[in-house]
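Novice: Listed below, chain by chain, are the residues.
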Amino acid sequence: MLTKTLTVALVGNPNAGKSTLFNALSGLRQRVGNYPGVTVEMKKGQFTAGGLTVDLIDLPGTYSLAARSPDEMVAVDLLLGRRPEEPRPDVVLSIVDATNLDRHLYLTSQLLDLGEPVVVAVNMIDAAEAQGVKIDCTALSAKLGVPVIPIQANKGIGIEALTQAMLAAAEEAKAPVGPAFPEAFEKEVTSLQTELGADVPGFLTRRLLLDVGGYVEAWQVEHHGQDLKQKLAEARQRLADAGHSVPGVEARARFAWVRAAVAVGVTRPAVRPVAFTDKLDKVLTHRVWGTLVFLVVMFLMFQSIFLWAKPLMDGIDGVREDIAKGIEGNMASGPLRALLVDGVVKGVGSVLIFLPQIMILFGFIAFLEDCGYMARAAFLMDRLMSRCGLSGKSFIPLLSSVACAVPGIMATRVIENRRDRLATIVVAPLMSCSARLPVYVLLIGAFLKEGYSSWVPGLVLFALYMIGFVVAPLVALVLKRTLLKGATPVFVMELPAYRRPKIFAVLRRMLEAGWAFTLRAGTFIFAAMILVWALLYFPHRDANGESYPNRIEKAEEAAKSNEDKLKELKAKPDATDDEKAELEKLEEAAGQADHLNGEWKRSSYLGRTGLYLEPVFRPLGWDWKIGMAALASFPAREVIVGTLGLIYDVGDVDTKAIGNDDADEEAKEKAAGLAKAVKDDWSKDPIRSKYGVAVAMSVMVFFALCCQCASTLAVIRRETKSWAWPAFTFVYMTVLAYLGAMVTFQFGSMIIDAMG
Amino acid sequence: MPALSELIVGQQAEVLAVTGEPALVQRLYEFGLLEGETVEFLGRAPLGDPIEIRLGNTRLTLRKAEAAGISVRIV
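Each protein sequence line maps, in turn, to chains C and H. Mapped onto my numbering, the consecutive letters of the first sequence carry residue numbers 361 to 1116. Mapped onto my numbering, the consecutive letters of the second sequence carry residue numbers 65 to 139.
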């Protein structure tokens, strides 16, 4: 049987219930469509009806087809069949909110000008009835000249009738007629069309004339030169003189047409009833109560990404460790086992570890958006954020980044303005995320605890967190004045009516966010992990050609066989000199494996690079070992703890044990051992022994500002669809980190010198 | 002629003229904020900016700087 495919584009205002209708129509058969050159994603779904396969494209929510950015233009081009990826839609499905019919039908009236059949779905008909609004869809349909179907997308009511109407409209394939514009306007369009030629569709010619400074104008002026700009200005002036100035002429023509139809099809109560939203907004946007509620909501969200995610993350880590142990127990040692355990399993683990935070944050965001609170949050925070050139919509992404930049950057999708969104993405990694904490705790514990007042460690930690909160807005401000310069974006925003969120929709958003991250960002994170593993593993033979892993294994076995003897000697209070000598020997043997491991890592490719780059690290007060550990932490900042453990001969140190009182004794001992080893190693060296505190501060400032986080870079790449932005972020943050660390060390060592 | 940004909470006003950046004016028109419409001033954000207004059944928020270009007549 030959099945025909029908293409349907779903268009509507934000908050019209577009996603709900999309899900109701296409069920689980969905995928994400990507369009080159733009950051928007459009979902595509498929269903069958009346023997036809229907491809449904969900266009981004919009108030109008007046495109002002490449992203908005994609939607218009798609509707006009001007995108190579998609056929011209057979039917345009226009979803409108029954409680806000006039405003939503404005967009519908623009859709009528596309020349394709349009079907109108009036959503939330129950909510309108509750407000006393009666909608006669038959009368409305007669006035608008297109089918009008009442639906309740969230309950699946009216979906069947809607599908039938779409099929019938596609069959009939009749172009609807939109509102009439003044004759003077039509005359200008005709003469402009002659100028542009037949290649430009009439729809876009009208937009060219109407949208002052819009996308079509920029595009056509680039094509036809400044001459066209002059002609446009003249045409607009003639219209203004005739009392039809743009863009008012469009709004008046369309709203007059919409209101004429609504006057016939809709009966409203004489007095507008006080709605639930009115009452709730009195509290939620109130100076005191609104702020209080906002703070509580933000605190809850923040705590949940931190605390609720933690057991899940520990669970993932536990499974990863179990798998690694399983492999180690069942495979002979060698490069392949090391690749599997330290490369593959660790790599996969380090991707999956983000999922709890991402999904919890997206659960919150979906919930807040669905219930209508998101716009209020932006309203409350706008003044604060506008000081650094952003808008209130940047607040939640930046706040989330304090837990982790990866979900924070994904959360920037709520920002429609491209420049604002990019600025937010680029500064989000500066916010002090939780991965920096182990580095801070380790070094503060080693250098700023003993011999200092008890408030010093806390103060230093606070200062390190503040670096991000101060630097991020400054960088955003600079970016918005230079690289991302442009007209202040229009802030005007709708505060939608409050609604009860649908649990299913929230769960769906959580899963989608998790999937998107795992598939697109995960591969890069994985690759970065493997690369750094290989640079630390090879060459894996010593000067005599013996394999380090083998030597380490032998040393471990030797140490193990002497464990009892060592314990016995240690416990002996009155040991003879011979026994003391033996004890010393045994203790050395016990440390042999860690020592060999350190020697191996120091001679690895990464170790050699660190040695080679030592002059670069000198102004920061670092030796090559610190530099090498910093390099090795490229996949993730906290990796520096493990790397330091290896190169300072302490062996494997569990990052989670740093500053964690609940860790098991052995892990805690190792962590304490690392702090001591760092201190001991530095004390052997003239610079680091004298300026230890300055060096520790320099390392911490570096980690506060740097972007040693492959996951962040991967997710920036995913969200901006370009390598340029992650590259830019990495470079500017590394430069900032280097300069910050240098200033810290130079200044710190000056103070130490002055104090004698 | 006062600007929309100068109203006090609870006041209703008729829009007389909408001026500003073309993109802003167009967006306001798209929301139905046309000359001759009546709006109600609902309040300000805790930090004094932006403001919240009601237009028909729609609640809008806009920055004071944006509202400054909308001249109104208090009714």
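Everything labelled a hint here was simulated from the structure, so no lab data went into it. Do not take every clue at face value.
BS3-like cross-link-like pairs, simulated, lysine-lysine; straight-line CA separation at most 30 Å [unchecked claim]:
1. C:Lys1036 to H:Lys128
2. C:Lys685 to C:Lys494
3. C:Lys845 to C:Lys591
4. C:Lys1036 to C:Lys1016
5. C:Lys639 to H:Lys128
6. C:Lys845 to H:Lys128
7. C:Lys670 to C:Lys685
8. C:Lys1044 to C:Lys1030
9. H:Lys128 to C:Lys642
10. C:Lys940 to C:Lys927
11. C:Lys1016 to C:Lys1028
12. C:Lys945 to C:Lys1030
Computed beta-carbon distance windows for the label pairs [what the hints assert, rightly or not]:
13. C:Met826 to H:Val139: 23 to 31 Å
14. H:Val139 to C:Val1091: 30 to 38 Å
15. C:Ala490 to H:Glu99: 31 to 39 Å
16. C:Trp875 to H:Leu98: 30 to 38 Å
17. C:Asp638 to H:Glu99: 22 to 30 Å
18. C:Leu672 to H:Val139: 24 to 32 Å
19. C:Gln491 to H:Leu98: 16 to 24 Å
Owing to the predicted nature of the structure, the values given are computational and were not obtained by experimental measurement. A virtual CB, placed ideally from N, CA and C, is assigned to each residue, including glycine.
Novice: Can you tell me whether the CB distance of Gln491 of chain C to Leu98 of chain H sits inside 16 to 24 Å?
Specialist: 23 Å, holds
Novice: With the threshold set at 30 Å, check whether the alpha-carbon distance from Lys845 of chain C to Lys591 of chain C stays at or below it.
Specialist: Distance of about 28 Å is within 30 Å: holds.
Novice: Take a quick look at whether Lys670 of chain C and Lys685 of chain C sit within 30 Å of each other, Cα to Cα.
Specialist: 22 Å, holds
Novice: Is the hinted range of 30 to 38 Å satisfied by the C-beta distance from Val139 of chain H to Val1091 of chain C?
Specialist: The hint (30 to 38 Å, Cβ to Cβ) is violated, given that Val139 of chain H and Val1091 of chain C are roughly 57 Å apart.
Novice: Is Lys940 of chain C within 30 Å of Lys927 of chain C, Cα to Cα?
Specialist: OK: Lys940 of chain C and Lys927 of chain C at ~13 Å, within 30 Å.
Novice: Does Lys1016 of chain C pair with Lys1028 of chain C here, judged by a C-alpha cut-off of 30 Å?
Specialist: OK: Lys1016 of chain C and Lys1028 of chain C at ~9 Å, within 30 Å.
Novice: Does Lys128 of chain H pair with Lys642 of chain C here, judged by a C-alpha cut-off of 30 Å?
Specialist: Holds, at roughly 20 Å.
Novice: Falls inside 30 to 38 Å, the C-beta gap from Trp875 of chain C to Leu98 of chain H?
Specialist: Because 44 Å falls outside the window, the suggested range is violated.
Novice: Lys845 of chain C and Lys128 of chain H were given as a pair; does the straight-line alpha-carbon distance stay at or below 30 Å?
Specialist: 21 Å, holds
Novice: Could you grab the alpha-carbon distance between Lys1036 of chain C and Lys1016 of chain C and see if it respects the 30 Å cut-off?
Specialist: 17 Å, holds
Novice: Measuring from beta carbon to beta carbon, are Met826 of chain C and Val139 of chain H in 23 to 31 Å?
Specialist: With Cβ atoms ~50 Å apart, the hint is violated.
Novice: Are the Cα positions of Lys685 of chain C and Lys494 of chain C separated by 30 Å at most?
Specialist: 67 Å, violated
The earlier numbered hints that this structure contradicts are 1, 2, 13, 14, 16 and 18.
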